[in-house]
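> Start from the sequences, fold in the hints, and give me the full structure.
Heads up: the protein sequence lines correspond to chains A, B and C, in order.
Mind the numbering: the first sequence is residues 1 to 245 in this note's numbering, read in order.
Mind the numbering: the second sequence is residues 1 to 293 in this note's numbering, read in order.
Mind the numbering: the third sequence is residues 1 to 320 in this note's numbering, read in order.
By construction, these hints were calculated from the structure, which means they are not laboratory data.
C-beta: ideal position from N, C-alpha, C; glycine also.
Don't take every hint at face value.
To be verified - On the chain C side, residues computed to face chain B include the following (Cβ under 7 Å):
| id | residue |
| --- | --- |
| 1 | A113 |
| 2 | Q125 |
| 3 | A279 |
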Amino acid sequence: MILYTKNLVKHFGEVKALENVNLSLEKGTITSIVGPNGAGKTTLINVISGTIPPDKGKVFFMNKDITALLPYKIARMGIGRSFQIPAIYNGLTVLDNVRVAIISRLGKANKIFHKIDKEINEKANEILEIFGFLEKKNLLAQDLSHGDRKLLDVAIAFALDPKLVLLDEPTSGVSTSEKNIIMNTIHNVIKEKGVTALIVEHDMDIVFSYSNKIIVMHQGEIIAEGKPSQIKEDKNVERILLGVE
Amino acid sequence: MLDIITTYFLNGIFFASILFLITSGLTLIFSVAGIVNFAHGCLYMIGAYIAAILIKATPNPMLLPFTFIVSALLVGIIGVVIERGLIKWIYKRPVDYQLLLLFGVSLILQDFTRIIFGPQPLSSSEPFIYSGIIEILGRPYPLYNIIVIIVSFIIGISLWLFLYKTKLGKYIRACSLDREMSSALGINTSYIFPMIFLIGATLGGLSGALILPPTVAMLGMDADALIEAFVVITIGGLGSIKGALIGSIIIGIIRAFGIVYIPEIELAIIYLVMAAILIVRPRGLFGKEYRVA
Amino acid sequence: MKQIPENKIKKFFLIISTSIFLIIPLIGSPYLDFLISMALVYAIWALGYNFLYGYTGLLSFGHAAYFGIGAYTVAFILTKFSINSFLIAILAAIVISTLSGILIGYLCVRYTAIYFALLTLAFAQFFYALCFRFYYITGGSDGMHVSTPYLFNFNLSAIENPIGYYYFTLFFFFIAVYVAWRIVNSPFGKILQAIKENTIRVEFIGVSTRKYKWYSFILSTMYSGLAGALYAPLFGHVVPDLFIISAEVLFATLLGGTTFIGPILGSIVFICARSYISAFTIYWPFILGSLIVAFTLLFPSGIVGTLEKKISHILKSEVS
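Structure follows, in structure tokens:
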């Protein structure tokens, strides 16, 4: 198990965002988290990535306790994430967006006098190629289409060469045809690099096509988890998710 | 012994009263309009200068209380003019622009003060002197200070009543909690904002007017006031009137006792307090959690 | 019309401007030498300030503190300690202002925009107050005279040897620009830019933004100290007011825009404008404040920024 959580609890005042959440991820698998809005999916990602500390409970990554560590330390350990609203550098080019992540990963952030060397550029171009951004590399991030912005956000997460990626709704707001392109790209990278993925997703078609395991959340609790075939049969789940899509 | 301590304590509350007036004005403007009014210190200073002039120009001592009200209101009007003329253009812009704009405004107001009132300090201590001395626990104490404390207290209560018990006050509090929701609900923000600046600036001007009689109006008092208000906010959190009150009291007391026991560091005492708070409790007493390092 | 490649335009501009800088003392009056020397001092200051503001996105209202520390350090060494080596004085100035930057920066970068700005202002005010408090050392409001600095055996008095002083300043200016250029184009520079664009994202790629904001702060104070050090003998006198002129470097940067050369151009225009305007009016602070307001409202990208946008518009439309 590359990641597991123990009885995570997070309340925002009266709102129970996470109630005794126990989650475990096997290396190299794609796990989707689904559930109605407000189920606690993004909160879970936030707690794992260090954005918010849990009220109670722990998170273990590669057998180390990473509970409530600062986000940058967690990122350094090999966890990358993307955001619901794409967190990219609007004023920088696509190339630079990726280069910044590469610079961090290679530990070259403190190189004050050196130029941006070949290694950085090579690795950046690798990522750009995988995600199909080579032709657009000199465009400013703010000029990209919405789908491209989401993909760039994901590309940045992968530029860290992570062992685990947390993707928060990577295809939301994107047209159906683009959705499959994006998900395909993500899927290929994951399989090629042996990365483990935890994906929050609303589109059930995508969820059923790409996931090894599905976790269903409702009101802060995990109410079901299992293989796509199992979840499809689950009447309980169907009832809860009926309002969604 | 108790009598002396009481005197110092009262001094502390006196300072706190003035600080509270300044800081609550600042806090109101921030909570509702989202603007950190960098020029607030200047409003305080202008209030002091206007009061200095008006007091000297008032023949009848019985009319003196009105000079304070008039000074405060004049400053309030300046506040509205600034808001409608300049600030309203930058509500939607990032924080940097607001800070820059208000920084520029503070420069303009500083020089405006120098141009109109001259470079020399002005004083008008009549109200302080006419109020006379009373006895507290056998020791003499200026009645003026007590009056200021009472006035400040009354204003504080009125502010609370206004915000929590009146319809308009509730609108204002709603605005401060969520600006976008409020306009969606149909609350007319284009007259709420100038009103808030009117109230906030008036409070700032009033505090300057009130501090004038025992001291002087001089150039540079704006920076000191701004920094003290900032220290108060650091303790009490930005956006909380309750925090402004508690912070003011803490700073007022520290100042009052600090001056007595360690006079050499009076100048630095405010900065030392600020540094201490920043090191020990960076988010203030009522601040929120910030996760990003 | 064929599009002229950007690189050639930049090289051309670089050669022309360097030549102009080198030739100025040979064609101008001593007053011009003084003026442009002052402009170069402010340009160094603004370059450093821009690391923090333009590249990292942190707005400081108290950078005059490090300028003042640099200036006073030089004054102390030249006048009070009678060590007349300019190089030693400058080195000391940079060291002390950078140390201050390290300490103060460490405290300040923990805070977001508003608090950061106020804190930097508070520290500048603190030094200003200290200057008056220790008037028996610093000369209080009268300030201190700055004795003539020497470069080895050369007399570098700005009054007796304006041309020499100018070239000396120009030398440091070129170094400052070159170093800044390397820094800005390094991996470190990219991280700073990313911090400005999206601080939170940078945390999530594994960089402690607080640490890098601190580094950026330290760099800017280093430049401020150097600028202050070069200022002191130029003006011949240091006064406490040096600690509260942060608005000037801020405006020079705003004026020119937050690109790389923006602050340099902005400083030159600013110094010339200031000397021209304060020659016939005593309302300089009022005008400065009004200009800041005007620029914030109308020209957020500054002169250079707005010009750059217009030029790239023209170039792009010509190609299509």
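> Does the interface hint hold: is A279(C) within less than 7 Å of chain B, judged Cβ to Cβ?
Because about 17 Å separates A279(C) from the closest Cβ in chain B, which is outside the 7 Å limit, the hint is violated.
> Once the shortest beta carbon distance from Q125(C) to chain B is found, is it less than 7 Å?
holds (6 Å)
> With 7 Å as the cut and Cβ atoms as the points, is A113(C) at the interface with chain B?
Since chain B brings a Cβ to about 5 Å from A113(C), closer than 7 Å, the hint holds.
This entry does not satisfy hint 3, going by the numbered hints stated previously; all others are met.
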